[in-house]
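**Q** With chain Y held as given, fit chain A onto it using these hints.
In the order they appear, the protein sequences are chains Y and A.
Mapping of the first sequence onto this note's numbering: residues 1 to 710, in sequence order.
Mapping of the second sequence onto this note's numbering: residues 1 to 301, in sequence order.
Everything labelled a hint here was simulated from the structure, so no lab data went into it.
Since this is a predicted model, take the numbers as computed values, not measurements.
Please note: incorrect hints may appear among the correct ones.
What the hints assert, rightly or not - With a Cα cut of at most 35 Å, we get these calculated DSBU-like pairs of lysine-lysine:
{"hint": "1", "chain 1": "A", "residue 1": "K243", "chain 2": "Y", "residue 2": "K51"}
{"hint": "2", "chain 1": "Y", "residue 1": "K338", "chain 2": "Y", "residue 2": "K362"}
{"hint": "3", "chain 1": "Y", "residue 1": "K27", "chain 2": "A", "residue 2": "K243"}
{"hint": "4", "chain 1": "Y", "residue 1": "K53", "chain 2": "A", "residue 2": "K161"}
{"hint": "5", "chain 1": "A", "residue 1": "K132", "chain 2": "A", "residue 2": "K62"}
{"hint": "6", "chain 1": "Y", "residue 1": "K27", "chain 2": "A", "residue 2": "K246"}
{"hint": "7", "chain 1": "Y", "residue 1": "K189", "chain 2": "Y", "residue 2": "K310"}
{"hint": "8", "chain 1": "Y", "residue 1": "K53", "chain 2": "A", "residue 2": "K243"}
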Amino acid sequence: MISFLNPLLLFGILGAVIPIIVHLINKKKAISHRFAAIDFILQTNKRISVKFKLRQLILLILRASLLAFLAMALARPFVKNFIGGTPEKDVPASNVIIIDDSYSMQYSDNHESFFMSAKIAAKEIINNLTKNDDAAVITCSSLGSQVLPELDYDKKNLVNFIEQLQPSFATTHIAPALDVAIEVLTSAKASIKRIFLLTDLTRNGWDIDWFKSGNEKLSSHVSNIHIIDLSEGRELKNIAITHIEPQINVSERSAESTIKVTVSNFTPTRIKNLLAQVFLDQTKVAQGFFNIDANASETKEFYSSVEKGKGHTGWVEISEDSLNVDNKRYFAINTSNKLDALLIDGDPKTNIYESETFYLEKALNPGREHASSIKPTICSIHEVKNFDFANFDIVFLCNVETLPPEKIHELDKFVKEGGSVIFSLGNNVDANYYNNSFNTLLPHRLHTARTFSSDSPLSEEQPLHLKATEPIHPALRILSETNMSTLSSVKFYRVFYVDPAPLGNCKTILSFSDDTPALIERQVDRGRCVLFTSSIDRDWTDMPVKPFFLPLMQQLCRFLTGNIAEEIQGETLVRHDWQSPCPEDTNSLEITNPEGTKTVLQPQVINNEKSFLCNETNFPGIYTVTVDGKPHPQFPQKFPVNVETTESNLDKISQKELAALMGGANLTITTSPVSEGSEVLMGEAKKTLWGTLLFLTICILFVESFVSRK
Amino acid sequence: MPENPFDPVTLSKIASMELRARLVVDGVLSGIHKSPYKGSSIEFLEHKEYSPGNEIKHIDWKVHARTDKYYIKEFEEETNLKCYIFLDTSGSMEYKSTGVSKFEYASTLAASLAYLLLKQSDMVGLISFGDKVLQYIPPRSRITHLHVLLNTLSELKPAGKSNTSVILNEFIEKISRRSLIIIISDFFDDINKVIKQVKYFQFKKNEVILFHILDPYELTFPFETITYFESMEDDRRILADPKSIKDRYLSGMNRFLEQFKQACFENQIDYWLIDSSTPLDQALIQFLARRESTSRPLYKS
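Looking at chain Y on its own, in the form it has when it is part of the complex (with noise of 0.2 Å):
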């Protein structure tokens, strides 16, 4: 049954007589010209007369009929669809409408966004449903806020509720919604039950697993599903900031970011001086250009100085274009304090190469300058005296025989009052003199060296090696999975045992291969502890000079003075968890998002380890963390969340494929503007006709054009 959804452009038919009456006027308007030579127009007119008059008929038919067809066309004609509609109001049907509402739907060119588009189309099936049918309103990326699951009869309602829906800047995910939608619609107890789908298609959140097994349930369960394309089956072009990396590099005088950022053109044409900018601070420090080819992407690195011994936010941003949520990525630095640390030799050689802290030194310190920011100063067993604690953050014992009486007192008073202290071994280390005078700081007392080498004639066994114990100590977080897996490369060949039992609350941080610990820390009151069982140069290991040496010895002493918030922090991602390490004396964390609302976090167990986790990551920008209303040591104080990228590739999942994916579905899709009329957005319209009589007018226009010059 053919319907229209302009039936009143219908009238345009009547614009099929206009070419009659400019026939018959033209007619009426033929020139008149007296002619001598009449009877040689007569002879020939004779013959073609008939041709004429035939022409002229045939196109007189052909302009009458373009004229028809294009009011017909704009008249928007449709087959109706029955098989999944209602072919009586009388029928009950249970809908339920899935918005998506994920951050590609924010996408505008110049007209309202698709997801205002998805509101109005919504709201417009709500007010095409009779009062017998009720409904349910499902949110693609956001099932947890924005849905109301339950099938209602309160049309108003429902109109109220799609009214306060806001865009998510989380990404598509259709089948959960799905799985919701069958859940919904299992339990109605109407004979119809439609899925409106309103989206905009893209290839992004179908899950293609997920219809492997949810293909019968749908159509097990569902009648209809009716898939609204706001897209209007258009590609979508999107220009996006994919990747941002910042760099932070401390030197003694200044600190400089660099900022990698790369930028992905999701459009089929080149695009050319895309202008990105970098802020810091709210101030803009850097811009620059892209030019980036077709469906590729560019990276360019930003430079700016920063000031020392804070943290920084900042954002890069580039030009607008039709999506603009994944224009702008945020990022956090942080020039952590200057750390000063004490390293006493306790085996100084007139080699340096050969002294016991050489390798440590360069691992905490590897440029000429002091390029890191930590400070390392040697002292031997004889200068210690010479330094006062205090004034260090951190302080390590390498293969220290003695210390001077006094020295142990403040050392233990140093470590109460919040500092920390390294002990590592070798040689020189009697384990009565250190189980005796170090028993308030060792994790573990001493118990016997052990020699672990195959060329040694006193070997028993291989050496031995480094593994990490579970759960991930959090100074051993910032390695890579390259340099984890370099820690079983590492040879022991002589080792400190230690007895089994510690000597307060202490946690492993690395083990050797026989799982004997290698790395202990201990909380000793505000300060901490840590004793590596073996030495810290290359008498009794080849760490030293392992890649994971450096990364780690730093880390370690972040993570002991309290500055284990990395330099850079990682970006969360809109709805993802961000977690960090909940020290012993803080038991909640307050964080506040962009908008400003504030949420606190309770510590929880997570991996047997007590963590913060804040999973209200629902905006893109710069989080705050405080304690008590102060920013923390021990955390970072902001942190940057931002959009996921693969929701910024707008490519278009074909009709093609949806008819494979929902295979059994009776499926049908509509790529028609919102404006079209309620048939369309209710499904009726299973065939426009439009396409068709346009092209045919197009045809007749083409074949007037042929016959008219003829």
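**A** Here is chain A on its own, set in the frame of chain Y:
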């Protein structure tokens, strides 16, 4: 740029037919040469000694009184050409696309020819006709006769149908032998009948010249828009799309002209097709030049 005085449009601006004719003929001919033929005439040529057999009436007695010898007067003989100009005044001759109508062109041509012939003492008559004879002015050689001819020409108005063959038939008996017959028409007629009548004239040793005057639009048919074509001789009218019939029209017209030309050629009839946009002096020069080259000059040299 000065106007060409022989351009048909320029000529048409000259009201006096005589002036028109004079302008054309004087411009074309630098002077009339006397006839080489000798015969009886009033103009004295030379004296010749009498010999038996000569007529006594030609003896110059005055010379005899002075010289006591018999001399006979010899006189220059002038040609006594009779020319009949047939001018078609049917309605179709009134057609003009741009410039002048075929009739204006034809009447100026007739006037020019009459002037040319009278100037050399030939006798010129005029017959204007449609489907019947409208005016008949018998041939005279007096120069005053020119005014009669030109006055008649300037008063003629084209109208009605044409029937050339019937008119010609009427004059077969009236026209004496060895006359020059000039027919000026568009010949939208049955040309076979016309040729047949012309052949009768030829049989009586008359020379016939046909001037076929056509308008450039009749030759090229340059119309574009749908037009009602109306007959100039009767009530016929037809709606036609010129673009669709142009090719067939032109081929019909060309076939007609070709047949006419071929019939004239075969019957040794002097045929001249003249486009009414052609400057008249140019048409006349061509005509006279070719007449002379074929040893049938129209004027005496």
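**Q** Run every hint past the structure and note whether it holds.
**A** Now for the hints, and whether the structure bears them out:
Between the alpha carbons of A/K243 and Y/K51 the distance comes to roughly 13 Å, so the proposed pair stays at or under 35 Å and holds. Under the criterion of a C-alpha separation no larger than 35 Å, the hint pairing Y/K338 with Y/K362 is consistent with the structure, at around 16 Å. The suggested pairing of Y/K27 with A/K243 holds, with an alpha-carbon distance near 16 Å, which does not exceed 35 Å. Taken as a hint, the Y/K53 and A/K161 pair is honoured in the structure, with Cα atoms around 31 Å apart against an allowance of 35 Å.
A C-alpha spacing of about 57 Å is found between A/K132 and A/K62, which places the hinted pair above 35 Å, so the restraint is violated. Distance hint between Y/K27 and A/K246 is fulfilled; the C-alpha atoms sit about 20 Å from each other, no more than 35 Å. Restraint check for Y/K189 and Y/K310: not satisfied, since their Cα atoms lie roughly 62 Å apart, outside the 35 Å limit. Between Y/K53 and A/K243 the alpha-carbon distance is near 14 Å, which keeps this suggested pair within the 35 Å criterion.
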